[in-house]
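Asker: Listed below, chain by chain, are the residues.
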Amino acid sequence: MFVTDIRKEFYDVVVNQRVALFVSPDIDALCACKVLQSLFHCDQVQYTLVPVAGWQDLGTAFMEHKEQYQYFVLINCGANVDLLETLQPEEDSVFFICDTHRPVDVVNVYNDTQIKLLIKQDDDLGVPSYDDIFRDDEEDEEGDGNDSGNESDGSAEPSGKRRRYDEDALERRIERQRARREWEARRREILFDYEQYEFHGTSAALVMFELAWVMSKDTKDMLWWSVIGVTDQWVHDKIPHMKYVTDIATLQRHVSRHNHRNEDEENSLSIDCMRITFEYDLRLVLYQHWSLYESICNSSYTSCSFKLWSINGQKKLQEFLADMGLPLKQVRQKFNCMDMTIKENLREVIEESANKFSMKDIRVQTFAVNFGFKNRFLASDVVHAAAALLENVEKDETSADNFIKALDCLSRSNLERLHLGIDLAKKKLKAIQQTVASCICTNLILSQGPFLYCHLLEGTPDVKLFSKPLALTLLCKYLLKAFVCSTRNRRCKILPLIMAAPLDVEKGTVIVLGIPPESETSDKKNFFGRAFEKAAESTSSRTLHDHFDTSVIELKMEDRGKFLDALITLLS
Amino acid sequence: MFCEKSVELIRELHRMGDGQLPAFNEDGIRQVLEEMKALYEQNQTDVNEAKTEGKSELIPSIKFRHSCLLRNQRCIAAYLYDRLLRIRALRWEYGSVLPTTIRFHMCAEEMEWFNQYKKSLATYMRSIGGEEGLDITQDMKPPKSLYIEVRCLKDHGEFEIDDGTVILLKKNSQHFLPRWKCEQLIRQGVLEHVIS
Numbered sequence: 001m002f003v004t005d006i007r008k009e010f011y012d013v014v015v016n017q018r019v020a021l022f023v024s025p026d027i028d029a030l031c032a033c034k035v036l037q038s039l040f041h042c043d044q045v046q047y048t049l050v051p052v053a054g055w056q057d058l059g060t061a062f063m064e065h066k067e068q069y070q071y072f073v074l075i076n077c078g079a080n081v082d083l084l085e086t087l088q089p090e091e092d093s094v095f096f097i098c099d100t101h102r103p104v105d106v107v108n109v110y111n112d113t114q115i116k117l118l119i120k121q122d123d124d125l126g127v128p129s130y131d132d133i134f135r136d137d138e139e140d141e142e143g144d145g146n147d148s149g150n151e152s153d154g155s156a157e158p159s160g161k162r163r164r165y166d167e168d169a170l171e172r173r174i175e176r177q178r179a180r181r182e183w184e185a186r187r188r189e190i191l192f193d194y195e196q197y198e199f200h201g202t203s204a205a206l207v208m209f210e211l212a213w214v215m216s217k218d219t220k221d222m223l224w225w226s227v228i229g230v231t232d233q234w235v236h237d238k239i240p241h242m243k244y245v246t247d248i249a250t251l252q253r254h255v256s257r258h259n260h261r262n263e264d265e266e267n268s269l270s271i272d273c274m275r276i277t278f279e280y281d282l283r284l285v286l287y288q289h290w291s292l293y294e295s296i297c298n299s300s301y302t303s304c305s306f307k308l309w310s311i312n313g314q315k316k317l318q319e320f321l322a323d324m325g326l327p328l329k330q331v332r333q334k335f336n337c338m339d340m341t342i343k344e345n346l347r348e349v350i351e352e353s354a355n356k357f358s359m360k361d362i363r364v365q366t367f368a369v370n371f372g373f374k375n376r377f378l379a380s381d382v383v384h385a386a387a388a389l390l391e392n393v394e395k396d397e398t399s400a401d402n403f404i405k406a407l408d409c410l411s412r413s414n415l416e417r418l419h420l421g422i423d424l425a426k427k428k429l430k431a432i433q434q435t436v437a438s439c440i441c442t443n444l445i446l447s448q449g450p451f452l453y454c455h456l457l458e459g460t461p462d463v464k465l466f467s468k469p470l471a472l473t474l475l476c477k478y479l480l481k482a483f484v485c486s487t488r489n490r491r492c493k494i495l496p497l498i499m500a501a502p503l504d505v506e507k508g509t510v511i512v513l514g515i516p517p518e519s520e521t522s523d524k525k526n527f528f529g530r531a532f533e534k535a536a537e538s539t540s541s542r543t544l545h546d547h548f549d550t551s552v553i554e555l556k557m558e559d560r561g562k563f564l565d566a567l568i569t570l571l572s
Numbered sequence: 001m002f003c004e005k006s007v008e009l010i011r012e013l014h015r016m017g018d019g020q021l022p023a024f025n026e027d028g029i030r031q032v033l034e035e036m037k038a039l040y041e042q043n044q045t046d047v048n049e050a051k052t053e054g055k056s057e058l059i060p061s062i063k064f065r066h067s068c069l070l071r072n073q074r075c076i077a078a079y080l081y082d083r084l085l086r087i088r089a090l091r092w093e094y095g096s097v098l099p100t101t102i103r104f105h106m107c108a109e110e111m112e113w114f115n116q117y118k119k120s121l122a123t124y125m126r127s128i129g130g131e132e133g134l135d136i137t138q139d140m141k142p143p144k145s146l147y148i149e150v151r152c153l154k155d156h157g158e159f160e161i162d163d164g165t166v167i168l169l170k171k172n173s174q175h176f177l178p179r180w181k182c183e184q185l186i187r188q189g190v191l192e193h194v195i196s
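Residue numbers (the UniProt record's numbering), protein chains in the order written: chain A, 1 to 572; chain B, 1 to 196.
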């Protein structure tokens, strides 16, 4: 059931208990986890934090901890599947689920005792009403029993009356059965509509921050983490732009509340204090930690607008830089070392020139944090750094190790880790850019009818990076945008994209991911989750639906052909 | 050259810095004691000779051997004493049960000394702090908070805390636990204190 007063029904319940936290590996979950951890530290709630990478991990972790804990908090996992069925818990276990995955499973919504959803109800959920899905089956049986009872009673009576009773009873039964079949058909339809599209709701970090705010225990650190959580949803394209703007507006109110202290000439805050500022900043990824030129080349927005994989595109870029009057030598320098005169009005200059080159949205609303003289980070910088750390394939470390490293980099005291993350993110972005360029130039994207399909071969450089879902998602979105910009086929521009990349060479598995079509006003609803399930069932391919995002699956290489064929028939 | 073996013993201890206890060098001690015995016997005969026959040219060699004996004695005493100091520090670090690897490094007499030390420390701790006594081996530095956040570095299995509840310590899980329960495990390297 949905929790209406998050403080009374969640926090006050767990504050005197020991809690187990299961956190899924995405940046929004990490941020929500950090906020919740600070609240728990404040109130000395004993907890255990376990990172879970998928449904199997969640099951194992639950098995291990179910004897010792009664209260479980699940962050960004567990809402879109019947949890009680999957985990089979005891009667007294209580689950608090703070998850952005929608649609929320109907069993989770209508369970009153064991499942509490920490989700805002105005979040556009569209849950079917109770009577449409659940129905007391006892009425039917009673009705039948009565009928047969009547029949046996009726046998004592004269035969004329009995015949009438029989006919009535039979009619009633037929009527009931017909109504029941209708109801079931309607129920199937309602559930199908409800569960067809997968999308994301309000950031978990924002929900946790609002809990902290309601208790007046919010700090700037928590606010910054919730900013990162919302920005993560935008960077990885999980929410539509309108929702992002609305969430930013909410956060902006909190930021101004935290910033308005008695600050003037005499009482100014020390430069070492943390300051969060609202910025209408450039959409160039990591530009303040890189050179401007590299950032323009590796940001999907600019790269796709200029079509930087072609020679014409490179020329256009040079024109763009010339139009702004920025010398190449300056632009290729590290951003911090650029001339001050250039840096002063950079944003306005770039915006003006970008408008001429039909890039209307080069600037986006976001936040930046400042502490000390050297440290200035935009929210998207931190998101990219943390995502790169979370999916680091350079050393052979387990996903739990990477989770811990990424969690650490979010604290202000671990700046070297954050810088390491930024370096890894730069490598990842360059790899994405090169892969996209090669895919477009070698026409690796094929139209299969109802969708586009691209398969990364094993020998592709940096293909190991793309065996992880977040990195593959970024590649997918970038590739689709680039394809839409470069193709002339009008029909292909509105098709969704499915991408496959090698996951484990020894086991012969690939990771398959589907994203919705590219459009300006898309609501980011993804139907591939259900489509993959149905296709796998119908061809009995060996798939593993382990990720919390249902649109990401693992598949055996040999079954790839028949799986794709099934998908084509399903979706056309 | 005389006294080299005993200086070797000292060097061995010096090499293992940081309070680590190397294995008890039975052989080394025995060799030094034999050397001392040989020197002593030579000195005895020389002294008798010098006394009876009045050979005063033996006196410098007697003096030399005597100073070698004193040096050996000093070295062995220093070796044994330093080991005892290290063993004493182990009680404060590891608690009353030592890991088996360390126990193998101690000789029987050192074990005996350790047990006696444990007993006298326990008696002292029982005598202060009211009825239940006070465990002064905890909280060696003034604690900043009642509960600390720890991260598990290796799989340690189940761990019981004061109110009977059991926690599963698995690699890479993080826990928020009372400080006094974690200190032991932090010292053993199973848990790591996370400062954020």
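The set of hints was computed from the structure by calculation and includes no laboratory data.
Hints may contain errors.
Stated by the list, open to error - Among chain A residues calculated to face chain B with C-beta under 10 Å, some are:
| # | residue |
| --- | --- |
| 1 | His41 |
| 2 | Gln44 |
| 3 | Gln46 |
| 4 | Thr48 |
| 5 | His65 |
| 6 | His236 |
| 7 | Leu321 |
| 8 | Ala322 |
| 9 | Asp323 |
| 10 | Leu326 |
| 11 | Pro327 |
| 12 | Gln330 |
| 13 | Leu346 |
| 14 | Val349 |
To be verified - In silico lysine-lysine, PhoX-like type, Cα no more than 25 Å apart, as pairs:
| # | chain 1 | residue 1 | chain 2 | residue 2 |
| --- | --- | --- | --- | --- |
| 15 | B | Lys37 | A | Lys220 |
| 16 | B | Lys181 | B | Lys171 |
| 17 | A | Lys66 | B | Lys55 |
| 18 | A | Lys426 | A | Lys315 |
| 19 | B | Lys170 | B | Lys181 |
| 20 | A | Lys343 | A | Lys374 |
| 21 | B | Lys37 | B | Lys55 |
| 22 | A | Lys477 | A | Lys556 |
| 23 | A | Lys395 | B | Lys181 |
| 24 | A | Lys66 | B | Lys181 |
| 25 | B | Lys171 | A | Lys395 |
| 26 | A | Lys430 | A | Lys307 |
| 27 | A | Lys493 | A | Lys426 |
| 28 | A | Lys534 | A | Lys556 |
| 29 | A | Lys405 | A | Lys426 |
| 30 | A | Lys405 | A | Lys329 |
| 31 | A | Lys315 | A | Lys360 |
| 32 | A | Lys427 | A | Lys464 |
| 33 | A | Lys405 | B | Lys170 |
| 34 | A | Lys405 | B | Lys37 |
| 35 | A | Lys356 | A | Lys562 |
| 36 | A | Lys426 | A | Lys507 |
| 37 | B | Lys154 | A | Lys395 |
| 38 | A | Lys66 | B | Lys144 |
| 39 | A | Lys356 | A | Lys329 |
| 40 | A | Lys430 | A | Lys507 |
Glycine included, C-beta positions come from ideal geometry on N, C-alpha and C.
Asker: Look at each hint and say if it fits the structure.
Answerer: A quick look at each hint next to the structure:
Because the beta carbon of His41 of chain A sits about 7 Å from the nearest beta carbon in chain B, less than 10 Å, this interface hint is met. Interface hint status for Gln44 of chain A: upheld, as the beta-carbon distance to the closest one in chain B is roughly 5 Å, under 10 Å. Because the beta carbon of Gln46 of chain A sits about 5 Å from the nearest beta carbon in chain B, less than 10 Å, this interface hint is met. For the restraint placing Thr48 of chain A at the interface with chain B, the shortest Cβ-Cβ distance is roughly 5 Å, inside the 10 Å limit, so the hint holds.
Interface hint at His65 of chain A: satisfied, since its Cβ lies 6 Å from the closest Cβ of chain B, which is below the 10 Å cut-off. Annotation: His236 of chain A was flagged as interfacial toward chain B, and the flag is violated, the nearest CB pair being 24 Å apart, outside 10 Å. Proximity of Leu321 of chain A to chain B is violated relative to the hint, the smallest CB-CB distance being about 42 Å (cut-off 10 Å). Taking 10 Å as the C-beta contact cut-off toward chain B, the hint placing Ala322 of chain A at the interface is violated, the least distance being around 47 Å.
At its closest, the beta carbon of Asp323 of chain A sits 46 Å from a beta carbon of chain B; the interface hint therefore is violated under the 10 Å criterion. About 40 Å separates the beta-carbon of Leu326 of chain A from the nearest beta-carbon of chain B, more than 10 Å, and the hint is not met. Hint status for Pro327 of chain A: violated, given a least beta-carbon distance of 43 Å to chain B, over 10 Å. Taking 10 Å as the C-beta contact cut-off toward chain B, the hint placing Gln330 of chain A at the interface is violated, the least distance being around 39 Å.
Interface hint at Leu346 of chain A: violated, since its Cβ lies 34 Å from the closest Cβ of chain B, which is beyond the 10 Å cut-off. At a threshold of 10 Å, the smallest CB-CB gap from Val349 of chain A to chain B is about 40 Å, leaving the interface hint violated. Of the pairs offered as hints, the one joining Lys37 of chain B and Lys220 of chain A is violated, with about 75 Å between alpha carbons and a cut-off of 25 Å exceeded. The suggested pairing of Lys181 of chain B with Lys171 of chain B holds, with an alpha-carbon distance near 18 Å, which does not exceed 25 Å.
Straight-line distance between C-alpha atoms of Lys66 of chain A and Lys55 of chain B comes to about 90 Å, which puts the hinted pair past the 25 Å bound. Taking the CA atoms of Lys426 of chain A and Lys315 of chain A, the gap is near 24 Å; set against the 25 Å cutoff, the hint holds. Using a Cα cut-off of 25 Å, the hinted pair Lys170 of chain B and Lys181 of chain B holds, with the two alpha carbons roughly 17 Å apart. Proposed proximity of Lys343 of chain A and Lys374 of chain A is supported: the alpha carbons are some 16 Å apart, at most 25 Å.
With a C-alpha separation of about 23 Å, the suggested pair Lys37 of chain B and Lys55 of chain B falls inside the 25 Å cut-off, and the hint holds. Pair hint Lys477 of chain A plus Lys556 of chain A holds up; C-alpha atoms about 24 Å apart against a cutoff of 25 Å. Note on Lys395 of chain A and Lys181 of chain B: the hinted pairing is violated, with a Cα-Cα distance of about 34 Å set against a maximum of 25 Å. Pair hint Lys66 of chain A plus Lys181 of chain B holds up; C-alpha atoms about 22 Å apart against a cutoff of 25 Å.
Under the criterion of a C-alpha separation no larger than 25 Å, the hint pairing Lys171 of chain B with Lys395 of chain A is consistent with the structure, at around 18 Å. A threshold of 25 Å between alpha carbons decides the hint, and for Lys430 of chain A with Lys307 of chain A the separation of about 15 Å falls inside it, so the pair holds. About 29 Å separates the Cα atoms of Lys493 of chain A and Lys426 of chain A, which puts this hinted pair outside 25 Å; it is violated. About 16 Å separates the Cα atoms of Lys534 of chain A and Lys556 of chain A, which keeps this hinted pair within 25 Å; it holds.
About 18 Å separates the Cα atoms of Lys405 of chain A and Lys426 of chain A, which keeps this hinted pair within 25 Å; it holds. Taken as a hint, the Lys405 of chain A and Lys329 of chain A pair is broken in the structure, with Cα atoms around 36 Å apart against an allowance of 25 Å. Straight-line distance between C-alpha atoms of Lys315 of chain A and Lys360 of chain A comes to about 20 Å, which keeps the hinted pair within the 25 Å bound. The straight-line distance between the Cα atoms of Lys427 of chain A and Lys464 of chain A is roughly 13 Å, inside the 25 Å bound, and the hint therefore holds.
A distance of roughly 17 Å separates the Cα atoms of Lys405 of chain A and Lys170 of chain B; the hinted pair therefore holds under the 25 Å criterion. Using a Cα cut-off of 25 Å, the hinted pair Lys405 of chain A and Lys37 of chain B is violated, with the two alpha carbons roughly 62 Å apart. Simply put, Lys356 of chain A and Lys562 of chain A have alpha-carbon atoms about 48 Å apart, too far for the 25 Å limit, and the pair is violated. In summary, the hint linking Lys426 of chain A to Lys507 of chain A is not supported, as the alpha carbons are separated by about 30 Å, beyond the 25 Å threshold.
Pair hint Lys154 of chain B plus Lys395 of chain A holds up; C-alpha atoms about 19 Å apart against a cutoff of 25 Å. Taking the CA atoms of Lys66 of chain A and Lys144 of chain B, the gap is near 32 Å; set against the 25 Å cutoff, the hint is violated. Taking the CA atoms of Lys356 of chain A and Lys329 of chain A, the gap is about 23 Å. The hint holds against a cut of 25 Å. In summary, the hint linking Lys430 of chain A to Lys507 of chain A is not supported, as the alpha carbons are separated by about 28 Å, beyond the 25 Å threshold.
Hints 6, 7, 8, 9, 10, 11, 12, 13, 14, 15, 17, 23, 27, 30, 34, 35, 36, 38 and 40 from the earlier list are contradicted by this structure; the remaining hints agree with it.
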